[in-house]
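Work the whole structure out from these sequences, hints included.
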Amino acid sequence: MCRLFALTSEEPQSPMLAINALDVMREGHDGSGVGIFMTDLAGPFEDMKKQPILSGIFSNAGLRKLDTFMMEKGFMTKYKTSIRVPKAPPPGVPKRDTYLIRAYEYPEEWEQLTESEIRDRLLLIRLQLRQMGEETGDMIVFSFWPDVIMIKEIGDPLTVAEYLGLDREDFKARIILAQGRQNTNYAINLYACHPFFIQGIATMTNGENTAFVPIKEFLMSRGFPGYIGYQSDSEVFTHILHYTLFKLGLDIKAYKHIITPLQDEDLEKHPSGYFLKRLKHSCRRLIIDGPNVVIGCLPDKTLFMVHDRKKLRPGVVGGKPGFYVFSSEMCALDAIVPDRDKTKDFQPMYIDTAFVGPDRQEVNICRQTEPLHLPH
Amino acid sequence: MSTNGTITPSTLSVKDLPWQILWDKDKCTLCGRCTSVCPVNAIELGVFRKRIIETPLGLEETPGNVYKVFYGIRQKTDPAYACVGCAMCNLVCPNDAIIPCRSDEADKLRFHINRGGQPRRRGGRRNVDYSLLDQIKFTRISMLTDPALDAGRHEFELRTLLGRVLPPEEDLKLLKEEGWTPPVREIYPLMIGAMSFGALSPNMWEGLQMGIAYLNEELGMPVRMCTGEGGCPPRLLRSRFLKYVILQIASGYFGWDEIIHALPEMKEDPCAIEIKYGQGAKPGDGGLLMWYKVNKLIASIRGVPQGVSLPSPPTHQTKYSIEEAVAKMIQSMYMAWGFRVPVYPKISGTSTALAVLNNLTRNPYAAGLAIDGEDGGTGAAYNVSMNHMGHPIASNIRDCYLNLVKLGKQNEIPLFAGGGIGKHGNLAANAAALIMLGASGVQIGKYIMQAAAGCLGSESDRCNICNIGLCPKGITSQDPRLYRRLDPEKVAERVVDVFLAFDTELKKIVAPLGRSTSLPIGMSDALGINDKNIADRLQIKYVV
Chain A
1 MCRLFALTSE EPQSPMLAIN ALDVMREGHD GSGVGIFMTD LAGPFEDMKK
51 QPILSGIFSN AGLRKLDTFM MEKGFMTKYK TSIRVPKAPP PGVPKRDTYL
101 IRAYEYPEEW EQLTESEIRD RLLLIRLQLR QMGEETGDMI VFSFWPDVIM
151 IKEIGDPLTV AEYLGLDRED FKARIILAQG RQNTNYAINL YACHPFFIQG
201 IATMTNGENT AFVPIKEFLM SRGFPGYIGY QSDSEVFTHI LHYTLFKLGL
251 DIKAYKHIIT PLQDEDLEKH PSGYFLKRLK HSCRRLIIDG PNVVIGCLPD
301 KTLFMVHDRK KLRPGVVGGK PGFYVFSSEM CALDAIVPDR DKTKDFQPMY
351 IDTAFVGPDR QEVNICRQTE PLHLPH
Chain B
377 MSTNGTITPS TLSVKDLPWQ ILWDKDKCTL CGRCTSVCPV NAIELGVFRK
427 RIIETPLGLE ETPGNVYKVF YGIRQKTDPA YACVGCAMCN LVCPNDAIIP
477 CRSDEADKLR FHINRGGQPR RRGGRRNVDY SLLDQIKFTR ISMLTDPALD
527 AGRHEFELRT LLGRVLPPEE DLKLLKEEGW TPPVREIYPL MIGAMSFGAL
577 SPNMWEGLQM GIAYLNEELG MPVRMCTGEG GCPPRLLRSR FLKYVILQIA
627 SGYFGWDEII HALPEMKEDP CAIEIKYGQG AKPGDGGLLM WYKVNKLIAS
677 IRGVPQGVSL PSPPTHQTKY SIEEAVAKMI QSMYMAWGFR VPVYPKISGT
727 STALAVLNNL TRNPYAAGLA IDGEDGGTGA AYNVSMNHMG HPIASNIRDC
777 YLNLVKLGKQ NEIPLFAGGG IGKHGNLAAN AAALIMLGAS GVQIGKYIMQ
827 AAAGCLGSES DRCNICNIGL CPKGITSQDP RLYRRLDPEK VAERVVDVFL
877 AFDTELKKIV APLGRSTSLP IGMSDALGIN DKNIADRLQI KYVV
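So the protein sequences, as listed, match chains A and B. Going by the working numbering, the first residue of the first sequence is number 1, and it counts up by one from there. Going by the working numbering, the first residue of the second sequence is number 377, and it counts up by one from there.
These are calculated hints, taken from the structure and not from any lab test. The beta-carbon is built from N, C-alpha and C at its ideal position, and this holds for glycine as well. Incorrect hints may appear among the rest.
[Unchecked claim] The calculated label-pair distances, taken between Cβ atoms and stated as ranges, are: (1) B:672 to A:371: 28 to 38 Å; (2) A:168 to B:531: 25 to 35 Å; (3) A:69 to B:739: 38 to 48 Å; (4) A:128 to B:876: 53 to 63 Å.
[What the hints assert, rightly or not] If you only want the chain B side, here are some residues facing chain A, beta carbon under 10 Å, derived: (5) 463; (6) 515; (7) 518; (8) 545; (9) 787; (10) 891.
[Claimed, not checked] Simulated coverage check for chain A against chain B, where a stretch passes if three residues somewhere in it have a Cβ under 8 Å from a Cβ of chain B: (11) 118-128; (12) 211-218; (13) 260-266; (14) 340-353.
Structure below.
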């Protein structure tokens, strides 16, 4: 089963902190892969929060293709960080030419575009690159988004992180999501590795999503270009959240009502019962049914955690003002924040959404039985 | 028959019949119950003459013989009186002295049951034993990757929606604007399909209704039943139980005068209106209530004279195109109940189902589509329609569902499947297979007759005389001497038993697949079959 760890911190943190947390939980994962999502970046990226950063893995040929493509689109490289790796990768880690993290200047003609147009165009470029790479496997693209870096690789998380030299001083972020395992239900493929990302939203999940096929069919039939992939059954959690926020205009509090709606008798007593019943009916195809914990990050840098309807997976949120951790296992929280007030640790239950906002001051809990206020 | 007797082309021997009555002279008490119970008078008192040779010992008396007479059962061989295999004789015999047995070869009767140029008509379903649904296995079992759910202890919500479900964006927009949205009913995914008041006896109908009411009011299971084309008893129309009823309108419009007149007095809206365009057992043919069954009660509910056959036309006579039929009929039905009641059409399984479905997707009022496959049962139809017409349900439902997926409208127009579900008793497995192929729910008719009332009919052509009102169990008869055999209370009890058992079995199927909070509609990754062609056709896994 995947082990998940996320942190949000006022002080920039090294991804090694998250990797060490995964290592604490290693009894529970098979060390088959690692995925890291970083946002609210520090170091050299601190001053370029608006410029999109491309994260991916490229062969030399792929890199040349990328350069030509981006030039044609009018993107100029603004900054690149180089990940230098030893010649021979450790056992179990494939040899790659380039782990790319590169910030771009927008083309001039993009300056006139609205926020949502930029959002959609950035997505399309990432999808185009992904498609170009799929023919020969020479380009693997994880994200193309301002203030976001993603790294994914096959192999033991700690070994991979040391091999990539992620403990560098200039490589830090205030929000980090890390997941330690390759997908095992389907073929080994980096696109199947969590966290998944779409337009500023990242989520990672453990457990199996038994309603995967109908949900995937629903998302793919929405006519939205970003709803593709699905090499992993967990990718739909990211896309359902995207659909909730951007297509339905609802917020994170509604997410749980969509994936695990309340049962009818609860809805009858609920102050927002009528709305929720309608939502349950029309979003019935998005109901998840697996044992899952979902940890994710919203575009506004809020971290959250939700569970399946039966709370069949563990999950804990704890920390102190300015530094909070979301972890699939208690031991990782203990290892990373041993000096916290443990009585304030919170393990969300089957109707809870736990989230820590961008101010990082407290853990907020939203219960599904509470009234749902709709954004205007 | 004597050796110089006359034979005609249709002169048959007992051996030529599909069912032979085996009768044991030693056990028979000559009580006569069997002959009196036989619905088709296939047996009668037989007086047999028997020669007995007497050969005494010694030389004084010469050997001789005597003729003795004994009494017993004689099976008629006239095609009109051929045994139907119902075995009521066996049921009533105090000594188990009599039983019908299936012939060991294809009968010759089949060539002769068209006397007077009238082809065979019967009840029941297609006389083919095969069931594809039984071959489908549920192969995606959650175990170590994830714990299986507990069918006995976890919470389940296995409901389905009947009604047009709008896309989430549109629904939220209309909610904000307080616009009209189509009515949607949350119902149990196993429905009792259309069997009319008239096709069924009053006791059977009452038993079903009582069972449904109990399931809803005492057990909280929102089970629904469709009336079929025959109207609805006036008291039910004016009762609160109407909300558990789906009223059917079909091409004969029988009973609708009564329904329309009851409209102002209705305390509750019906669950939905089903417009029947076709039926799986007799695609392209209308309802057929034969004159035997049109007694005073039936005649008054249907608004027709007594004792006449009531063949409904194969199509709705006032429509000439699908767009018109769909738009006019559905919308006018909506209007009758103030746009508060979902209206959906039912068609027989057909390769043109996609055309119908595509049309419905463009009509914002269509509340669903029910498709009745070739294995559907009926109270009366031509044998040829039943055995040879129609489309198997599995691929029909699958094609329709995948077509909706392509349009992005899966489950927005719920599909309901019928026809042969539980044909071999595997009700929950068959229903779950269809749901995972894409059905939002299933309809049963024949199964509930068999399970809740003891219908004897089978696909080896046993009984199947529903059409002439002689049902030996009183299920499809309008003769009080027959239907008083059926206790409505007991039928209701059995309906409840069937649904409770089904519910547990359905949980036993979906829980190991890791599903419990929503009905696994279209969860085709859970299905497998050991036939490559079928697997490819249904887009499910090929497993051996």
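Hints versus structure:
Between residue 672 of chain B and residue 371 of chain A, the C-beta spacing of about 58 Å breaks the proposed range 28 to 38 Å. Between residue 168 of chain A and residue 531 of chain B the beta carbon distance is about 49 Å. The supplied range of 25 to 35 Å is therefore violated. One distance hint, 38 to 48 Å for the beta-carbon pair residue 69 of chain A and residue 739 of chain B, holds here, with the actual separation near 46 Å. For residue 128 of chain A paired with residue 876 of chain B, a C-beta distance near 56 Å keeps the hint of 53 to 63 Å intact.
Proximity of residue 463 of chain B to chain A is violated relative to the hint, the smallest CB-CB distance being about 46 Å (cut-off 10 Å). Nearest Cβ of chain A to the Cβ of residue 515 of chain B: about 13 Å, over the 10 Å cut. The hint is violated. For residue 518 of chain B, the suggested interface contact is upheld, since its CB lies about 6 Å from the closest CB of chain A, less than 10 Å. Evaluation of the residue 545 of chain B hint against chain A yields a held restraint, the C-beta minimum of about 6 Å falling below 10 Å.
Checking residue 787 of chain B against chain A by beta carbon gives a least distance of about 6 Å; that is within 10 Å, so the hint holds. Contact between residue 891 of chain B and chain A, as hinted, is supported at the beta carbon level, the nearest pair being about 5 Å apart and thus within 10 Å. Coverage of the region 118-128 of chain A by chain B is violated [criterion: at least 3 residues with CB-CB distance below 8 Å; count 0]. A stretch counts as covered by a chain when three or more of its residues have a beta carbon under 8 Å from one of that chain; for the region 211-218 of chain A and chain B the count is 6, and the coverage holds.
Coverage of the region 260-266 of chain A by chain B holds. Counting CB-CB distances below 8 Å, 4 residues qualify, and the rule asks for three or more. Check result for the region 340-353 of chain A against chain B: violated, 0 residues qualifying (beta carbon to beta carbon below 8 Å, three or more required).
The structure fails hints 1, 2, 5, 6, 11, 14 (numbered hints given earlier, in ascending order).
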